[in-house]
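Asks: What follows is the residue order along each chain.
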Amino acid sequence: MVGVSALIIGFVLLPALHEGWARGLWPALVLTKLATGPAVRYLSEQMRPDQYWFYYNLGVSRRFLWGSVGALDGLLFLGCVLGLSANQA
Amino acid sequence: MSFRAEGNPTGPHVLEADGIRLAFGGRPVLADVYLRVQTGQIVGLLGRNGSGKSVLLQTIFGARAVPDASVRVNGRRAVPAFQVPGLVNYLPQTALAPPHLSMRRAAELLRIDPEKATANFPELRAQLHCRPGEASGGTARLLQVLFLLHADTAFSLFDEPFSGIMPVHVETLADELRRAKRRKGIVLTDHRYAEVLPLCDVVYLLHQGRLLKLEGDLQTALVDYGYLAA
Chain A
197 MVGVSALIIG FVLLPALHEG WARGLWPALV LTKLATGPAV RYLSEQMRPD QYWFYYNLGV
257 SRRFLWGSVG ALDGLLFLGC VLGLSANQA
Chain B
14 MSFRAEGNPT GPHVLEADGI RLAFGGRPVL ADVYLRVQTG QIVGLLGRNG SGKSVLLQTI
74 FGARAVPDAS VRVNGRRAVP AFQVPGLVNY LPQTALAPPH LSMRRAAELL RIDPEKATAN
134 FPELRAQLHC RPGEASGGTA RLLQVLFLLH ADTAFSLFDE PFSGIMPVHV ETLADELRRA
194 KRRKGIVLTD HRYAEVLPLC DVVYLLHQGR LLKLEGDLQT ALVDYGYLAA
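As they're listed, the protein sequences go chains A and B. Residues 197 to 285 in the numbering used here are what the first sequence spells out, letter by letter. Residues 14 to 243 in the numbering used here are what the second sequence spells out, letter by letter.
Think of the hints as simulated: they come from the structure by calculation, not from any bench. You may find that some hints are simply not true.
Some chain B residues well away from chain A (every beta-carbon gap over 12 Å; in silico) [as the list claims (entries may be wrong)]:
| id | residue |
| --- | --- |
| 1 | Q54 |
| 2 | E208 |
| 3 | E228 |
Distance windows between CB atoms, simulated [to be verified]:
| id | chain 1 | residue 1 | chain 2 | residue 2 | range |
| --- | --- | --- | --- | --- | --- |
| 4 | B | R118 | A | T232 | 57 to 63 Å |
| 5 | B | H113 | A | W217 | 52 to 58 Å |
| 6 | A | P245 | B | A242 | 56 to 62 Å |
| 7 | A | A224 | B | P98 | 39 to 45 Å |
| 8 | B | T185 | A | R258 | 32 to 38 Å |
| 9 | B | P135 | A | F207 | 34 to 40 Å |
| 10 | B | N133 | A | P245 | 31 to 37 Å |
| 11 | A | W262 | B | E128 | 52 to 58 Å |
Yeah, the Cβ is synthetic: ideal placement off N, Cα and C, and Gly gets one too.
Take these sequences, add in the hints, and give me the full structure.
Replies: Listed below in structure tokens is the structure:
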């Protein structure tokens, strides 16, 4: 998740800011980030199918875990994008 | 529902699972299974490889959603069971703790005192700072079994708790299980039947999708159902 954020920021947002065409770009970046969510979850489930047992034993469901991590990651991404854009402006 | 808050003042807590039907690729694995365990009991679950033992434990735990499955505690529905505080924990066949956590930290998150849990295995304490991948497989397994055994839950479900554990520790672990059953109900499945059978108050065999409660001469019954060689 963080890797996807770094890729979007590093390969799209930062060049756009550097070249001056980043104005109004953040909704597209957020949509791109959202679109990668299902793929990240699919790969995570395929590569680490046993990652949930510990959290189940803490009483945490898979849905709550993904929801929390997704919300935090989304807010972090949005904060980075808006912060970098505001600094450039 | 909070299990701790409700309690059962009239006697032991009873965990029941029934109506569990499951098929993989059209092949029925579990057919209308009923399992019962109460606090103060160790229940053994035996069966050939692929007979559905792990799936059954995961279904009772609530990690696997099965339509029509009913899991009840003291007669009240508890689905998913893992979300009912203080009700049940589960040891999977695979590693329990995330690879980035030390064993001590994993115990603390599970609200277990690692020193107390390893009281009868003092040589394990030097390994508590290790992450699961840094300790030997048997040591990591034993620590995880001990943590869940000492956790404050009414029931524990163990999938192959003796796997990879050396014989001298298996004997001490069996004693730990006997002590733990005074305060909880335990369901365990393991192919080390010679260790499992003497521990159990009730033995079930999963055979062709049916859960059979074995009584009488267990060894003979296991031979008859093809679990043991004649």
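Asks: Work down the list of hints and note, for each, if the structure agrees.
Replies: Now the hints, each set against the structure:
Every beta carbon of chain A lies more than 12 Å from that of Q54 (chain B), the smallest distance being close to 21 Å; the non-interface claim holds. The Cβ of E208 (chain B) sits about 23 Å from the closest Cβ of chain A, beyond the 12 Å cut-off, so the non-interface label holds. Look at E228 (chain B): its CB is around 33 Å from the nearest CB on chain A, clear of 12 Å, so calling it non-interface holds up. In this structure, R118 (chain B) and T232 (chain A) break the distance hint of 57 to 63 Å, their C-beta atoms being roughly 31 Å apart.
Checked against the hint of 52 to 58 Å, the pair H113 (chain B) and W217 (chain A) fails, with Cβ atoms roughly 40 Å apart. Restraint check, P245 (chain A) to A242 (chain B): a C-beta distance of roughly 33 Å breaks the suggested window 56 to 62 Å. The hinted range of 39 to 45 Å is satisfied by A224 (chain A) and P98 (chain B), whose Cβ atoms lie roughly 44 Å apart. Separation of T185 (chain B) from R258 (chain A) is about 35 Å and conforms to the stated range, judged on CB atoms against 32 to 38 Å.
A beta carbon spacing of about 54 Å between P135 (chain B) and F207 (chain A) contradicts the range 34 to 40 Å that was offered as a hint. The hint said 31 to 37 Å for the Cβ distance between N133 (chain B) and P245 (chain A), and at roughly 33 Å that hint holds. One distance hint, 52 to 58 Å for the beta-carbon pair W262 (chain A) and E128 (chain B), is violated here, with the actual separation near 34 Å.
Hint violations for this structure: numbers 4, 5, 6, 9 and 11, all remaining hints satisfied.
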